[in-house]
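J.: Protein chains in written order, with my numbering: chain U, 2 to 272; chain D, 2 to 272; chain X, 2 to 272; chain Z, 2 to 272.
Keep in mind that the hints were calculated from the coordinates and are not lab data.
Remember, it's a predicted structure, so these values are computed and weren't measured experimentally.
Do not rely on the hints blindly, as some may be mistaken.
It does not matter which identical chain is used: a pair holds within one copy or between any two.
[What the hints assert, rightly or not] Keeping only pairs whose Cα atoms sit at most 30 Å apart, straight-line, the calculated BS3-like set for lysine-lysine is:
1. K107 with K119
2. K8 with K54
3. K76 with K119
4. K119 with K105
5. K188 with K272
6. K186 with K219
7. K188 with K54
8. K188 with K219
9. K188 with K76
10. K272 with K119
Number of protein chains: 4
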Amino acid sequence: MSNNLLKGKKGIVFGALNDQSIAWKTAECCYAEGAQLVLTNAPIALRMGEINKLAAACGNAPVIGADVVNNDDLKALFEQAMAHFGGPIDFVLHSVGMSLNIRKGKHYTDLNHDFQHKTLDISALSLHRVCQVAYSMDAMAEWGSIVALTYIAAQRVFPDYNEMADAKALLESISRSFGYHYGVKKKVRINTISQSPTRTTAGSGVKGFDGFISFAEKMSPLGNASADDCAQYCVSLFSDYTRMVTMQNLFHDGGFSFTGVTQEVIEQMEK
Amino acid sequence: MSNNLLKGKKGIVFGALNDQSIAWKTAECCYAEGAQLVLTNAPIALRMGEINKLAAACGNAPVIGADVVNNDDLKALFEQAMAHFGGPIDFVLHSVGMSLNIRKGKHYTDLNHDFQHKTLDISALSLHRVCQVAYSMDAMAEWGSIVALTYIAAQRVFPDYNEMADAKALLESISRSFGYHYGVKKKVRINTISQSPTRTTAGSGVKGFDGFISFAEKMSPLGNASADDCAQYCVSLFSDYTRMVTMQNLFHDGGFSFTGVTQEVIEQMEK
Amino acid sequence: MSNNLLKGKKGIVFGALNDQSIAWKTAECCYAEGAQLVLTNAPIALRMGEINKLAAACGNAPVIGADVVNNDDLKALFEQAMAHFGGPIDFVLHSVGMSLNIRKGKHYTDLNHDFQHKTLDISALSLHRVCQVAYSMDAMAEWGSIVALTYIAAQRVFPDYNEMADAKALLESISRSFGYHYGVKKKVRINTISQSPTRTTAGSGVKGFDGFISFAEKMSPLGNASADDCAQYCVSLFSDYTRMVTMQNLFHDGGFSFTGVTQEVIEQMEK
Amino acid sequence: MSNNLLKGKKGIVFGALNDQSIAWKTAECCYAEGAQLVLTNAPIALRMGEINKLAAACGNAPVIGADVVNNDDLKALFEQAMAHFGGPIDFVLHSVGMSLNIRKGKHYTDLNHDFQHKTLDISALSLHRVCQVAYSMDAMAEWGSIVALTYIAAQRVFPDYNEMADAKALLESISRSFGYHYGVKKKVRINTISQSPTRTTAGSGVKGFDGFISFAEKMSPLGNASADDCAQYCVSLFSDYTRMVTMQNLFHDGGFSFTGVTQEVIEQMEK
Numbered sequence: 002m003s004n005n006l007l008k009g010k011k012g013i014v015f016g017a018l019n020d021q022s023i024a025w026k027t028a029e030c031c032y033a034e035g036a037q038l039v040l041t042n043a044p045i046a047l048r049m050g051e052i053n054k055l056a057a058a059c060g061n062a063p064v065i066g067a068d069v070v071n072n073d074d075l076k077a078l079f080e081q082a083m084a085h086f087g088g089p090i091d092f093v094l095h096s097v098g099m100s101l102n103i104r105k106g107k108h109y110t111d112l113n114h115d116f117q118h119k120t121l122d123i124s125a126l127s128l129h130r131v132c133q134v135a136y137s138m139d140a141m142a143e144w145g146s147i148v149a150l151t152y153i154a155a156q157r158v159f160p161d162y163n164e165m166a167d168a169k170a171l172l173e174s175i176s177r178s179f180g181y182h183y184g185v186k187k188k189v190r191i192n193t194i195s196q197s198p199t200r201t202t203a204g205s206g207v208k209g210f211d212g213f214i215s216f217a218e219k220m221s222p223l224g225n226a227s228a229d230d231c232a233q234y235c236v237s238l239f240s241d242y243t244r245m246v247t248m249q250n251l252f253h254d255g256g257f258s259f260t261g262v263t264q265e266v267i268e269q270m271e272k
Numbered sequence: 002m003s004n005n006l007l008k009g010k011k012g013i014v015f016g017a018l019n020d021q022s023i024a025w026k027t028a029e030c031c032y033a034e035g036a037q038l039v040l041t042n043a044p045i046a047l048r049m050g051e052i053n054k055l056a057a058a059c060g061n062a063p064v065i066g067a068d069v070v071n072n073d074d075l076k077a078l079f080e081q082a083m084a085h086f087g088g089p090i091d092f093v094l095h096s097v098g099m100s101l102n103i104r105k106g107k108h109y110t111d112l113n114h115d116f117q118h119k120t121l122d123i124s125a126l127s128l129h130r131v132c133q134v135a136y137s138m139d140a141m142a143e144w145g146s147i148v149a150l151t152y153i154a155a156q157r158v159f160p161d162y163n164e165m166a167d168a169k170a171l172l173e174s175i176s177r178s179f180g181y182h183y184g185v186k187k188k189v190r191i192n193t194i195s196q197s198p199t200r201t202t203a204g205s206g207v208k209g210f211d212g213f214i215s216f217a218e219k220m221s222p223l224g225n226a227s228a229d230d231c232a233q234y235c236v237s238l239f240s241d242y243t244r245m246v247t248m249q250n251l252f253h254d255g256g257f258s259f260t261g262v263t264q265e266v267i268e269q270m271e272k
Numbered sequence: 002m003s004n005n006l007l008k009g010k011k012g013i014v015f016g017a018l019n020d021q022s023i024a025w026k027t028a029e030c031c032y033a034e035g036a037q038l039v040l041t042n043a044p045i046a047l048r049m050g051e052i053n054k055l056a057a058a059c060g061n062a063p064v065i066g067a068d069v070v071n072n073d074d075l076k077a078l079f080e081q082a083m084a085h086f087g088g089p090i091d092f093v094l095h096s097v098g099m100s101l102n103i104r105k106g107k108h109y110t111d112l113n114h115d116f117q118h119k120t121l122d123i124s125a126l127s128l129h130r131v132c133q134v135a136y137s138m139d140a141m142a143e144w145g146s147i148v149a150l151t152y153i154a155a156q157r158v159f160p161d162y163n164e165m166a167d168a169k170a171l172l173e174s175i176s177r178s179f180g181y182h183y184g185v186k187k188k189v190r191i192n193t194i195s196q197s198p199t200r201t202t203a204g205s206g207v208k209g210f211d212g213f214i215s216f217a218e219k220m221s222p223l224g225n226a227s228a229d230d231c232a233q234y235c236v237s238l239f240s241d242y243t244r245m246v247t248m249q250n251l252f253h254d255g256g257f258s259f260t261g262v263t264q265e266v267i268e269q270m271e272k
Numbered sequence: 002m003s004n005n006l007l008k009g010k011k012g013i014v015f016g017a018l019n020d021q022s023i024a025w026k027t028a029e030c031c032y033a034e035g036a037q038l039v040l041t042n043a044p045i046a047l048r049m050g051e052i053n054k055l056a057a058a059c060g061n062a063p064v065i066g067a068d069v070v071n072n073d074d075l076k077a078l079f080e081q082a083m084a085h086f087g088g089p090i091d092f093v094l095h096s097v098g099m100s101l102n103i104r105k106g107k108h109y110t111d112l113n114h115d116f117q118h119k120t121l122d123i124s125a126l127s128l129h130r131v132c133q134v135a136y137s138m139d140a141m142a143e144w145g146s147i148v149a150l151t152y153i154a155a156q157r158v159f160p161d162y163n164e165m166a167d168a169k170a171l172l173e174s175i176s177r178s179f180g181y182h183y184g185v186k187k188k189v190r191i192n193t194i195s196q197s198p199t200r201t202t203a204g205s206g207v208k209g210f211d212g213f214i215s216f217a218e219k220m221s222p223l224g225n226a227s228a229d230d231c232a233q234y235c236v237s238l239f240s241d242y243t244r245m246v247t248m249q250n251l252f253h254d255g256g257f258s259f260t261g262v263t264q265e266v267i268e269q270m271e272k
C-alpha cells in the first residue's frame, strides 16, 4: 500500500534491529510513502549489521549510531540528520526499550534497583532526552510528529511484563508532558501507540510470551495487530491527516483494550 | 490534500446540514480522496435543501432521507445505498445529535424525562440502530469502518452541555459494545472521535458556547481542532492505515483532553 | 463489625430484594453502624414480602413502595421519608437495574429498541429521577452521599452483559453530571461503586454467569468482592471519612479492573 | 472525629515534616482512631526536630530515621517497627516526594537528567523499595493496606508541576504492579490517593502555586480537599471497610478530576 502520504517528509527511526522489528517495518512503509529517512540505533546493535539491509532498501538512508541515554550522541544525531536532509525533521519513531531485570531473571518483587534505573533510562527517559535535544536545537519542523511505542501494561498488570510496565507508564507520561510544551512552542505533536504484543526480538525476551500472545489473540475481536499493521498506523500518525492529535496514548490492538472478556476465553475457562 | 486514500471505497454520511457541518466537510474530503458516497439526513433537514449542493460537489451522490430512530427507514437507506454502489458499504459517519431539553431551555437538574428519552434515542441509540440494521443485512464490507462523533463531556462535566453529556457517554458505550460484536463477526471496526468544540449549527445551540469555545482554545496546546481537521482525521480512520483500531474513543482536540491547565488559563485566573 | 460510623444519619435504600441482594446487606450494615433507614422497592417486588424481614431487622424501618421511573412516586417517597426522619436525608443507595432484552433472550445485535428504552429508564435514568426529585425538594442534607451500583462492563465489553453495559455507562455519566450540580449547590456527593460480579438474584439472570464469575475470581488478585464486602464499602462512602470524594466511579473488585492477566489465567489458557 | 476505626492496628507513616504535612495530619487521625504508630522520615528532615512533637501527640510513637532510597535503612526500619509492635504492620502511608529540577529552577524542556533520576528515585522508586523490603521480610499483616499520595498531573499536564508529573505516573504504576503481587501473595492492598493541591511545605515549592490552587478551588464542585480531609480518607483506606479496594488511583479532590469546566471559571475567562 502506498499513497505518497509522507511525500517530502523527513524522519528519524530509532530501534530497527532486524526485519521482525516494528521500527524496521515502519521505516520500510515510510519510505514507500515517499519519506526520506535517517536510521539510528545503539552502536552495539549496529555492529550486528542487519540495519544496512534496511538502509539499502530505504534509498540508502544514512545509519547513525547513537546511545539514547547520551545527550551528546543525540545532539550529533540530529545535527547530522538535519545536515543530510538540508532542513528540520518532520517525524521521529521512538521504538526503544530494554529491561535489565528481565534479562537477569529478577522477579518484580525482587528487583535490582540499579538495573531498574537503567531500564527506566533506556526505555523511558530516552524519549525525554530525544525531545529535549530536538527542542533545544529547534530541530523539528512545525507540525512535526513524534511517536513512541508502548504497551497496555502501563495501565493494567501483566505480571510477566515486570518492570517494563512501570517504564512504559513513565514513557507515556513523558510523551504527554513534552507534548504539551512542544505543542505550545511549535505545534509538534507527541503520541504513543499502545501496540498488541508482537513477536519481535524484544518481545520474545518476556517470559511466558507464547501463552501471553495467544491470550491476547483470543481477547481481541480483530485479533492481535501485527508489526506490519503497526507500521501503517505509524504512517497515519506521521501524515497530515492527524495533525490535531497530540498527547494521546492510542491503542492499536484489535480491540483488546476495551474487551473485558470474549466468548472464546470464557469457553477456555470452562475446560 | 488528496492522496486517493479512499479509492474504491463506498460510504454513507449521516448528518450533513450545511457547509459548517463536520459531516459536510467529511463528505467533501472523502470524495476528494476517491470515495463514492451516499448522503443522508432526517427528512426535515433535507427539506432545507442545502444538502443538494453537497451532493453535486460529491459526484452527484444520492441523497436519501432517513429518520435515525426508525429502523425501517434505516433498512431502506442501506438497501438503496447497496443497490446504488452495487455492493456493501465500507464506511459510515454518524454525526447525529439533538437535545430537546437544551432546546427547551431546561436545566440539567430540571429535565423533562420524556424529552430525555428522545435525546438519547436520536443522539445515541441511533448508532445502535444503524449498526444493528447493517449487521442484520450484512451490509458492511469486511474491514469496514464506522465512526461516530462525540465530545469529552462524556468523561468530564461541562455544565452547559447538559444532558448531551449523558447521551455521548451512552453513544461511546454503544460503539464499544457493537464494535466487539461486529469485529468478531466481520472485522468491522467502530470508533468514536471526541472532537474539540466546533462552531457548527448544532454546537451553536449550546448556551454559553462562545465563552466555552474560547476556554477550550486556551486549554489546548495546539488550539481547537476545526471541522476541516476533523474531516481529515475521519479519512484516516476510514482508510486502510488504521485497520486494527477499534472500540476506541479517540480525542481529536489539540491536546485538550490531557491538559490540566495552561499558562494562558492560569494568567487569566489571576486577573 | 460496627463502629457507629453512621450514628445519627438517615438513609434511603433502594433495591433490597432478598438476603442475597447487595442492598439488603448494605441496609443491615448501615443499621448496625447506627443509621436510621427507609427501605424502598418497586411495588411488585414488595409484594414478595421478604423485605419485611429486613425492615424488622433494621429497627422496624418503614417500607415504602415506589416505581423508580415515576417521579410522583419518588416525590411521595422522599416526603414520607423526611416526615418519618423529621429532617433531610443523609444518604441514598441506588441498587436498581433490569434488562428487558436480556430477560427476553435478545442478543445485543438484535435488540428490541422499545425494551432498550425501558432498560435505560429503570437502570440509569432512575438515578437522574431520584436526584432531580431530591434536588427539587431540597431533600438531601448538606454533605449527603448518594451511591449507585455499577459494573465494569461500562468500560469494557463483556458480551453476555449485553445492553446493561450501555445502561451502566449512562448511569455513571448521570452520577458525574448530577454530582457536579448537587456538589455546587449543597455539597452533596454522588459516586458509583463498580462491584465484582456478585451472585445475587439480579446477577444470576445474566447468561453464562457461572463461567464469568469464575473468570473474574481468577483475574482478581484478592478474589471477587462479596456482597458483604460491598456493604462495608458503601458504609465508608456514606460516612464522614470520605466527604471530598465525588463524581467518581470506584472499583471495588479485588483488583480486577487493573489486572491485565494473572498467572492463573495464563495457565488455564495453555490447557 | 473518632470511631476507633483502626483499633489494634499498627502502622508506619512516612513523610511527616511539620503540622502542615498530610502525613502529620494522617498520623494524628490514625492515632485518634486507635492505631499504634511508628514515624519515619529522612535523617535530614528529622534533624529539624518538629516530628518529636508529633511523636509525643501520638502516644510517644518511635521516630526512626530512614533514607527511602536506601534498602538497608528500610530493612532496619521495618525490623525495628515490628520489634516495637511485637508483630507485623497493618498499614503504611507513603507521603514522599522531591524534585531536584524544580528546586534548581530547571524548566521541563531543559531538565538535568541526573537530577531526574534522583527525583524518580525519591518520589517513585522509593515506593517499590518500601514494598519490596516489606515483601521480602514478610512484614505486612494479611489484608494490610499501603497508601501512597499522588497528584492528577500523572494523568494531565499542569506545566508548573514539571517532572513531578512523570514521577507520580511512575509511582501510580508501581502501586498497581506491586499491588498485584502483594495481593496474590498475602491479600495486602496498595492504592494511591490523588489529592487536591494542598498548601504544604512540599506543595509550596511549586512555582505559581497560588494561582494554581485557586484554579483548582474554582474547578472543584466541593472545593479543594484539605490535608485534614485527606487524613480522614486515609483512615478509611487503612480500615477494614475497604478491604477489596486495591491497585486503584483514588481521586480525593472535591470532584476536580471529572469536572471539565465550571460556571465560575467560564465567567473568569470572559473577563
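J.: What hints, given by number in increasing order, does this structure fail?
T.: Numbers 7, 10 - these are the hints that the structure violates, sorted from lowest upward.
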